[in-house]
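These are the residues of each chain, in order.
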Amino acid sequence: MTSSGVLTGKHFFQGDEACAEGAIAAGCRFFGGYPITPSTEIAERLAHRFPEIGGVFIQMEDEMGSMAAILGASAAGARAMTATSGPGFSLMMENIGLGVMMELPCVVVNVQRGSPSTGLPTLPGQSDVMQARWGTHGDYALAAFSPWSPQEMFDLTIHAFNVADRYRVPVLLMADEVVGHMVERVVIPPEDQIPRWERKRPDPKKKDSFEPFLAEDPDLVPPLAHAGEGYRVHFTGLTHDEQGYPDMDAETHHRLVTRLVEKINHNAENIVRTEDHFMDDARIVVIAYGSTARSARRAVKDARQEGIPAGFLRLVSLWPFPAEQIKKLADQADSFIVAEMNLGQMALEVERHIRRPVTGVYHAGGVMMAPDRILKAIREVATRDDTHQR
Amino acid sequence: MTTPINVDSHPLDVILRSDRIPHIWCPGCGIGIAMRCYAQAILDSGIPRDDHVLISGIGCSGRVAGYMKIDSYHTTHGRAIPFAVGLKLANPELTVSVFSGDGDLAAIGGNHLIHAARRNVDISVICANNFNYGMTGGQLGPTTPFGARTTTSPYGSPELPFNFPYLLAASGANFVARWTTIHVRQLKRDILYMFSKPGFSFVEVLVPCPVGFGKMNYIDKGLDEMLLYKERCVIADGTPIDELGIDLRADQPIYVGRFVDRDLAPYQPVRLEDIE
Chain A
1 MTSSGVLTGK
11 HFFQGDEACA
21 EGAIAAGCRF
31 FGGYPITPST
41 EIAERLAHRF
51 PEIGGVFIQM
61 EDEMGSMAAI
71 LGASAAGARA
81 MTATSGPGFS
91 LMMENIGLGV
101 MMELPCVVVN
111 VQRGSPSTGL
121 PTLPGQSDVM
131 QARWGTHGDY
141 ALAAFSPWSP
151 QEMFDLTIHA
161 FNVADRYRVP
171 VLLMADEVVG
181 HMVERVVIPP
191 EDQIPRWERK
201 RPDPKKKDSF
211 EPFLAEDPDL
221 VPPLAHAGEG
231 YRVHFTGLTH
241 DEQGYPDMDA
251 ETHHRLVTRL
261 VEKINHNAEN
271 IVRTEDHFMD
281 DARIVVIAYG
291 STARSARRAV
301 KDARQEGIPA
311 GFLRLVSLWP
321 FPAEQIKKLA
331 DQADSFIVAE
341 MNLGQMALEV
351 ERHIRRPVTG
361 VYHAGGVMMA
371 PDRILKAIRE
381 VATRDDTHQR
Chain B
391 MTTPINVDSH
401 PLDVILRSDR
411 IPHIWCPGCG
421 IGIAMRCYAQ
431 AILDSGIPRD
441 DHVLISGIGC
451 SGRVAGYMKI
461 DSYHTTHGRA
471 IPFAVGLKLA
481 NPELTVSVFS
491 GDGDLAAIGG
501 NHLIHAARRN
511 VDISVICANN
521 FNYGMTGGQL
531 GPTTPFGART
541 TTSPYGSPEL
551 PFNFPYLLAA
561 SGANFVARWT
571 TIHVRQLKRD
581 ILYMFSKPGF
591 SFVEVLVPCP
601 VGFGKMNYID
611 KGLDEMLLYK
621 ERCVIADGTP
631 IDELGIDLRA
641 DQPIYVGRFV
651 DRDLAPYQPV
661 RLEDIE
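Just so you know, the sequences run in chain order A and B.
So in our numbering, spot 24 of the first sequence is number 24, and the numbers just go up one at a time.
The number in our numbering is simply the position in the second sequence, starting from 1, with 390 added.
Isolated chain A, as found in the complex (with noise of 0.2 Å):
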């Protein structure tokens, strides 16, 4: 093990454990959390493991304190991160606006699990999806990925927390219960090819003149400056003007929310990732996400062997949500199918990008969708458009 505590080489990890190792890779020192089936295992990893890194493990009371104290944390200048599922989730939506309205990176993981309320704390969901999008009051856009593999429980909590401190907002990792308990191949890569993006700093020449929410480049980010930099900011969760002081204008509000909004519509290009399949002469487009984007991958296999044009796309990226990637699929392909593990979420924004109904394949989760009923709705809408075209 280096000092720096990455574990390069291959494992053999769950994928909650992998989540605890990639937050390690990627820096991270501050953990606050709330133990919660099925996201419990990160935060013991992660206080097994922080004490001989010199990162600060904290077992908060609930989850608003949870969240509170990665936010601190982070204005303090600590990669932080906190781990929930759908309970404790909902608990910290208010201070996950916080976050985006002082713009402090931080990452949530939350492990999902059967839903609402206290629902089936041991079994698989992806009832959260819209709730990671528009969970909190106000309007907001922040960034939420969605991993299929351990593998993924890795890379996506560092670029989870690339994001984060690139664009100063916080950033959900919303994994399910399948992919968080299940056991895979794991392979942490040396340390120097580990991505690495920086907060954007202040000048410490100008200390005197600096705006903490001056956003004068191009990309909407201010430079942020820690606590006890001696900048003497002012963060606030009341709209703001670029001094940080509270500004009860109209208008202020309204430039304000705006770019926080457009801060992260802008660099989607940067944030989104999506990954497709045999998609070069597809007619019937697949889409699906998390564990059940291993069902779909496997039913479109299927579905390709009995000579059915289907290509597979998976939503890495949830939240900004992939719209080109999609809208381009929308003039090539004829229909489309979303597989998900809860009524139609997802489904919903597929929609309104391509402009047409879609095959939703849901259930309200518990289990691990199968192949095969994927692959029964494949085979549907493949007779369905033949006829039609007839």
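No lab work stands behind these hints, which were simulated from the structure alone.
Each hint can be trusted.
DEER-style ranges, computed between Cβ atoms:
id, chain 1, residue 1, chain 2, residue 2, range
1, B, I414, A, K206, 29 to 39 Å
2, A, D203, B, Y608, 49 to 59 Å
3, A, L214, B, K620, 41 to 51 Å
4, B, D434, A, K206, 23 to 33 Å
5, B, P643, A, E262, 54 to 64 Å
6, B, E633, A, M248, 41 to 51 Å
7, A, D203, B, L433, 21 to 31 Å
8, A, K207, B, S586, 21 to 31 Å
9, B, I411, A, K206, 17 to 27 Å
Just so you know, even glycine gets a beta-carbon here, dropped at the ideal spot from N, CA and C.
Use these hints to put chain B onto chain A, whose structure you have.
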């Protein structure tokens, strides 16, 4: 018609965001006095000013963070303490204080208050207690004395209030004091002491709220409440903490002073080298 008094400067302008003055507090409010004590303590502390960080929650007292010209964070309702805990643990070199109100700290933030005290995290908490929710117009709070009237207890509060020193002592704080806005020297002295006191330290400051609380309880001028403190307060360090409850109706003393000053182990993140 009153004539505004214009002054060019204030002795503490050096540490205040003077471009944010005038403040939002009502005439007769005591929060400014408590803020002044905190500001003076920073200047007297000998700790570099840029090592001081202030966190506040929501409410009238939460606005203090916006008036201090130091790194300051005005967070969400009730969450000032966990934000401060995260900040302090991420950079233990900083002197981290929380300035907020009784409703913010003891009602919506009550769980964080007792757990930060239990862990004995090295932060200083200044709690301005005005017996009600002032910002929203004078509602019942966790410190509203039994029988006191507010807009949501128009017939008198049916609830018993928190006794802060009792609560904090039971929770594990290393230092607990109570003063009022007439005890400015003691208050500043104890804030100064809290900066250097390891572990969780807490001072309750009783502040007049004539517009919110006072108007419904026959103390509708700030001066009246100051006089009430002057007549009724008894400096009684070491009074049994379970006897420190405040009942404004009864003609009984309001005990102020230092009630807890002990050296329980402050919270330290676990380090392997400390164990092996």
